[in-house]
Every structure is written in C-alpha cells, then in structure tokens.
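Make a model of the complete structure from these sequences and hints.
The listed protein sequences derive, respectively, from chains A and B. Each residue of the first sequence is one higher than the one before, counting from 1 in our numbering. Each residue of the second sequence is one higher than the one before, counting from 310 in our numbering.
Be a bit skeptical, because a hint or two may be false.
Unchecked claim - Think about it this way: if two alpha-carbon atoms lie no more than 25 Å apart in a straight line, the pair counts; the simulated SDA-like pairs of lysine to any residue are:
no.	chain 1	residue 1	chain 2	residue 2
1	B	Lys600	A	Ala224
2	B	Lys568	A	Arg309
3	A	Lys291	B	Leu593
4	B	Lys568	A	Gly205
5	B	Lys617	A	Arg223
6	B	Lys600	A	Ala235
7	A	Lys308	B	Glu616
8	B	Lys617	A	Gly205
9	B	Lys453	B	Val558
10	B	Lys617	A	Phe255
Hints in this document: simulated from the structure, not taken from any laboratory.
Now for the letters of each chain:
Number of protein chains: 2
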Amino acid sequence: MKNVRILTVGAGAVGAYFTGRLAQAGAEVSVVVRSDYDAVRANGFEILSTAGDFHFQPHGVYRSAEEYPGKADYVFLTSKFFPETDEASMLRGAMGNPGTALVLIQNGIGIEDKLAAAFPDHEILSSIAYIGATRLKPGTVQQKGASELKFGRFGGGESAAGCRLEALFSETIGVQAAFVENIAWFRWSKLLWNLPYNPVSVLGGGLDTSRMTDRGPLEALTRALMEEVRLVAAAEGVDLPESLVDQNVEFTRNFPPYKTSMLVDFEAGRRMEVEAILGNVCRLAEKHRLKVPCMQTCYALLSAVAEKR
Amino acid sequence: MKNVRILTVGAGAVGAYFTGRLAQAGAEVSVVVRSDYDAVRANGFEILSTAGDFHFQPHGVYRSAEEYPGKADYVFLTSKFFPETDEASMLRGAMGNPGTALVLIQNGIGIEDKLAAAFPDHEILSSIAYIGATRLKPGTVQQKGASELKFGRFGGGESAAGCRLEALFSETIGVQAAFVENIAWFRWSKLLWNLPYNPVSVLGGGLDTSRMTDRGPLEALTRALMEEVRLVAAAEGVDLPESLVDQNVEFTRNFPPYKTSMLVDFEAGRRMEVEAILGNVCRLAEKHRLKVPCMQTCYALLSAVAEKR
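Written out as structure tokens, the structure reads:
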C-alpha cells in the first residue's frame, strides 16, 4: 500500500481514525489540521480503539491544503457540514489533478452538491460512517462501537477509485469498508435515523434514545418524521421500505439509552448540523411539492434554537 | 351592589384584580388563598392599575372553600388549569346551593368539562380575560394593558347570572366586562393566539413575539398552527374566519415585542399549561379524526420539555 497518497482535511476524530488505519497499513497519509496543529505536529495521533490502540504519525502535517506537496490519490473531507463553509476553497490546493478522488464522510443530504459543481472532473466518493469516534483532547481520539464505512460514487454507478479504496481498507485492522453502487440509498437510510432522533432529542429538552422509543407521543413523532423522510426519499428515487421504520425503532429501543450526537453537540455549546440533517431535506420536499409538516415544524424550531446559541 | 356575595378561590393576580374591582364597587368579596395567606390576611391586596391603584380588603380570607360561611352568589376560579388538579374538591365547600354560579377565568380548551360534570345543577360562566396581571409579591398585584372580561354560559345561550354579573361589572372602575351568548367562539378565538405563540416561544429556545412574526419559517409555523386550530374549532361547531389568522399575525407584529406568558412561566421554572393550550385540542382533533401534525409535534415536544423540568 506504500504507493498510495492520502490527504485528510480537517482531521477530526472520524478522519483521523479511518485514515490512521490506512496509514497503519502502509499508506502515506498527511493531514490538514487547524486548532490541534501544534499537538498533532509534535506527537501525531494517539488512537484508542476497540480493535487495538495505535499511534498514527502523519507523513506531513499542514495548516492548509495549499501546503500539500505533489498530488494525492484521495483527499478525505470529514468535517461537519455547514452550508456557508467554502469547502471548495479549503480543498482546492490539493485537488490539482483529476486523478485525485474526493472522499466525503459527512452526514445528511445535499452535502455533495457544491463540491461536485466545484470539481466536475474529480470523482466524488460519497461516504457514510458507522462509528462512534470522539476527540478526547488534541491529538487523542477514541473509537467505540462500530467501525464501518460505506462509500460510492456520487450519483451512483461504478468507480475505479472506489474499488481501489475498498481494497486498501481491506488491508487495515478493524475497519469494515465497502464500495457500493447505490450510496444514496445508504445516505437516506442513515438519515431515516438521524432526522428524527437528533432534532427531537434537542427540542424535547435533552432526551436520550430510551425516552424517544417509549411507545408514547415522542415515539409517534419520530415515526411520523421517518414516514416523511421516506416520502422525500421516494421522490428522489430512493426506496426506503416501510419495514425500515419498525427496524429503526426496535434497534434503537433495544440499544442501551444514549444521547444523540446533535444533543451532545448542543449541550457542549457546539454548532448543530441543522441544514444537512433537516434543512436540505425540507427544501427537497418543497421542490417536489410534498407536505412534510412534522419535519418543517422541527426545522423551524431547531433553526431558532441554533440561532439563539 | 352591597348584597352580592363573591368568593374568589385561588386568588392570584387575575382573580384579585377583577374581584377586587367588584369589591371596590361595593360587593362583599372573600378570598381563598394558600401561599399568600398571611400577607393577604394581614393587609389585603395592594392593586396597581392603569385605571388607578387601589386597596382591596377582602371581607373574609380563608385557607379553603370549606371555611366560607353561608352561600356565595358567584364563586370565581382563576387558577391555572392542570388536568390532575381536583378543582371540584377545591370548590365543593362553597358550592352548596345551586344558586351559586361558578365563574371560570382560565385559558385553553376543555377546562370546564370536569366541573360541569361535578356541579350539574350550577350555572358555569366560562370566561376569557384580556389582561396583563402580575403578582409582584404576596398581596401586591399589578395590572397593565387591557382589563377586559368576556363570559357566557358554558354550552352557550342566555343566563340570568351572566347578565347580572355584567351589570355588576358595569359599576366598577376600569373593567370592560360583557356577557356573551357564544363564549365558545371567544375561547377558541383566544386559543388561535395562545396555541401557536405560547409553545413556539418556548420550543424555539425563548423567542419573543417579534421573532415569531418575522415573515420567516417561524411565522409560517405559527400560521400553520392557527390553520390547525381553525380545523378543530370548525369540527366543534365554532367558525373562526380565515381572516383572523392574518389579523392575529398583524396585530402581534405591530405590538411591541414581548414574551408569552408560557415563556415567562418556563423561564421562571413554573409549570406550563400544556394540556389546556395544546393537549386537549390534540385530543379533540383525534376525536374528530383530523390531522394536526404541527400541533401534535409541538405537543409531544412541549410535554417532554415540561416533564424534564
């Protein structure tokens, strides 16, 4: 794997973990970090993982993508999605060659549109992570629970870069990675969980998953939100079977109670991904002239809450 | 007016103000107070009012309705509505005679049902207050803004006790009071304001009225909630014309920004009237098999927020 070059931009917990595993398997991985630059430059990353702790010493540590020398095979972007962030400018310095594929590991819907327009000649690998990864302190990351990654060509279909990335991950320890031809399905399927539980956990005054799966009005609300997601997904050509709703609820009910990532962000005073999780979906509903009243109610309220912070 | 006997149960700011005005005009007004018993027993009420401050010395001050001697012409109940409160037991001691009319000054929908069942032989005057009244400290009440009362027989129609009460109020200073034959209309009409603005102000993270009338998504949400109120009201035989929605929004937009009473209660750590304002209306919608998704979303979220407190 030595001849593959990777740049991870905004290497937070998720990015450091997945590309750190690639580095551990022999890839040349460099990172762009901002607030943790000094710590990472000095000591790299300490990664605590259920599949074994390891040290990840990036090949290069930079403050911006412009500083990256040569060309990368893969540029990973794993920061949260906020609509006004100019991600294209953040990445442009490392995207000089069309052979560079862009790997986006972000939640939500509509997160690829601006980058696909900015880099029309590059392959974009839209990715969904199933992982619990936390930055404990600068340069220290903890992975818990799953460690799974699904990626596919934005727009669907085959991808040489995607197949190669799957092969690269197959050499890593602990990561279950798969190239899929219908990544949109997995993205919407993950949204079927994220869209109800994240906003309701915050708007309900700080609710864990057990309170939202208690067979009462909050469970009814999260189910209604899931049905609205199914409606919008269908209009976008993605069929989420009705049985997924029950599966989602049962899975969540049987899991030990926990706080959603949006609630954790909210309580820590960090910004919430309101647009990727809710706003972009409401706009798609509007485009297709679909009624999604529960979703729009939550979107209006959550936007106001976010703005207050 | 000397020969009219009134008992005000749970004499908070609203009750003390309105029945204090009747006392000022010569009625024999006694009160049942709990937490402020000592202060009111010692010094009565100081009432600060835009129509002139005055002192209100109740004829009798009691800890419960059972202590009230003789019979009242009117028993006023002006406490907030919470479904599990046994209002009938609170009042029974003063309701020995069918000639005693019960005057309920409370917000929301469905607040009369239990009392109508408990006192089938008594006239119930369902009342809507338009007033800004605040308890500044034990025994001190401030009235601001309007000072208006509408009342009518629960169920509608004529009422000798209602007409007499209107005549009594006509002798007071500063109170605009009117007996109406269709009090349900006024109750639903006030709910058309209360149901959207109160919950949204709390769920949106503490919003004043200007934020909810800013022609953005929150205004759209409050308008959607008003349309749902109109739907339920229509099923209950109450016609709220569509023009009332615009009127409500315009009136609120042109008024100086202020916090709703539910938000004030929430911020002060006091209980919110979730059931009278939202829950009972959702249950009526269910009874009539009407879809009120925005209302139900707010109800589920607000119930959770209230429970968290």
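**Study point:** Those earlier numbered hints the structure runs against, lowest number first
**Key:** none
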